Amino acid sequence: MSDIKKFMYVNRKAPYGTIYAWESLEVVLIGAAFEQDVSVAFVDDGVYQLIKGQDTTELGIKNFSATYKALGDYDVNKLYIEKESLDARGLTLDDLMPLTYEDENDNWAEKNSIRVVSSQELAELFEHSDVLFNF
Amino acid sequence: MSILHTVNKSPFDRNSLDACIRLAVKGGSVLLIEDGVYGAMKGTNKSDMVTHAMKDLSFYVLGPDLKARGIDEEKLIDGIKVVDYSGFVTLTVENDKAQAWL
Amino acid sequence: MGIEVNGKVFETDEEGYLSNLNEWTPEVATAMAKDEDVDLSESHWQVINFLREYYEEYQIAPAVRVLTKAIGKKLGPDKGNSKYLYELFPYGPGKQACKYAGLPKPTGCV
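Chains as they are written, first to last, in numbering that gives the first Met the number 0: chain A, 0 to 134; chain B, 0 to 101; chain C, 0 to 109.
The reader is advised that the hints may include incorrect statements.
Heads up, simulated SDA-like pairs for lysine to any residue below, C-alpha to C-alpha not over 25 Å straight-line [stated by the list, open to error]:
1) B:K54 to A:A87
2) A:K5 to C:K68
3) C:K33 to C:T11
Here are a few chain A residues that sit away from chain B, every Cβ distance over 12 Å (derived from the structure) [claimed, not checked]:
4) F33
5) D74
6) N76
7) D94
These aren't lab readings, by the way, just hints derived from the structure by calculation. Just so it is clear, the structure is predicted and the values come from calculations on it, not from any experiment. Using N, Cα and C, we set each Cβ at its ideal position, and we do this for glycine too.
With the hints as constraints, model all of the structure from the sequences given.
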């Protein structure tokens with residue numbers, strides 16, 4: 000494809016309390032069909048979306064945390080998590096689900112999709128994106 | 000006279016929990032529900048505020064909302080009690096009125 | 000809207016997708032296929048069962064591209080290609096197979 004654009008989806012809301020997190024995930028999955036260069040950032044309460052061990056049985060609503068594990072199948076494998084947001088919430092990488100993808104160009108080796116970055120690094124990534132969507 | 004305060008917003012997204020703590024009177028109860036349950040976690044930027052408020056207020060958190068968000072009970076600030084839906088009802092009955100901080 | 004199977008009516012949306020995926024039984028798939036003059040073979044069932052497992056694990060119906068790749072990985076390259084899948088499900092492996100499997104329409108399908 001000749002004109003591949005860099006898309007950056009920015010998640011700043013916790014799951015379940017509002018519809019933003021799920022809406023964002025759906026848009027990312029739909030957008031993935033257009034074979035663009037997709038990155039997803041998790042900032043502020045957005046980092047809560049990736050906490051492992053979510054169980055919505057008693058709420059009777061869909062547990063869409065499982066769907067983040069499908070992102071690799073959709074070739075969405077650049078997931079940036081802001082370190083400052085984790086720190087403010089007393090969270091570490093160990094509290095989050097491991098998310099991976101299989102690298103087509105490296106004999107389908109399983110690789111990590113999650114990268115923890117500083118605010119400054121994230122700001123630069125935003126600067127270098129063509130299209131930004133905030134949720 | 001006592002009030003049951005409910006907070007359903009994340010303390011990092013809105014200042015509902017700050018306002019509740021500032022305006023609740025000694026002897027009241029605070030129940031954290033929905034995205035409000037993130038305020039019950041220890042080791043966060045808001046933990047000290049909650050711990051301090053617990054001298055005057057009783058804090059509760061709704062279990063099903065914790066589970067949905069993957070928050071283990073061992074991650075909670077010591078002294079916050081986990082209640083289920085019937086516990087929510089009991090709190091409502093035990094207090095004279097309720098105030099919902101949105 | 001709905002579809003009747005052995006005297007029981009299952010609610011569907013206007014496009015024939017099952018409203019409640021927990022109500023699904025293999026008989027529902029057979030009845031939906033029969034309405035479209037399709038006799039479900041072992042090959043159809045492989046795809047339908049794969050889709051149900053995928054939904055169970057990821058809580059979404061996969062896009063066709065993802066389905067094709069995943070089928071290839073699980074059942075071999077002779078099945079993981081669009082020609083094979085479109086022969087089985089001429090209305091589109093995503094739309095048609097998901098419908099038989101009791102899943103919602105794949106995310107991104109219009």
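Okay, the hints, checked on the actual structure:
no. : hint           : verdict
1   : B:K54 to A:A87 : holds (23 Å)
2   : A:K5 to C:K68  : holds (24 Å)
3   : C:K33 to C:T11 : holds (16 Å)
4   : F33            : holds (31 Å)
5   : D74            : holds (26 Å)
6   : N76            : holds (22 Å)
7   : D94            : violated (8 Å)
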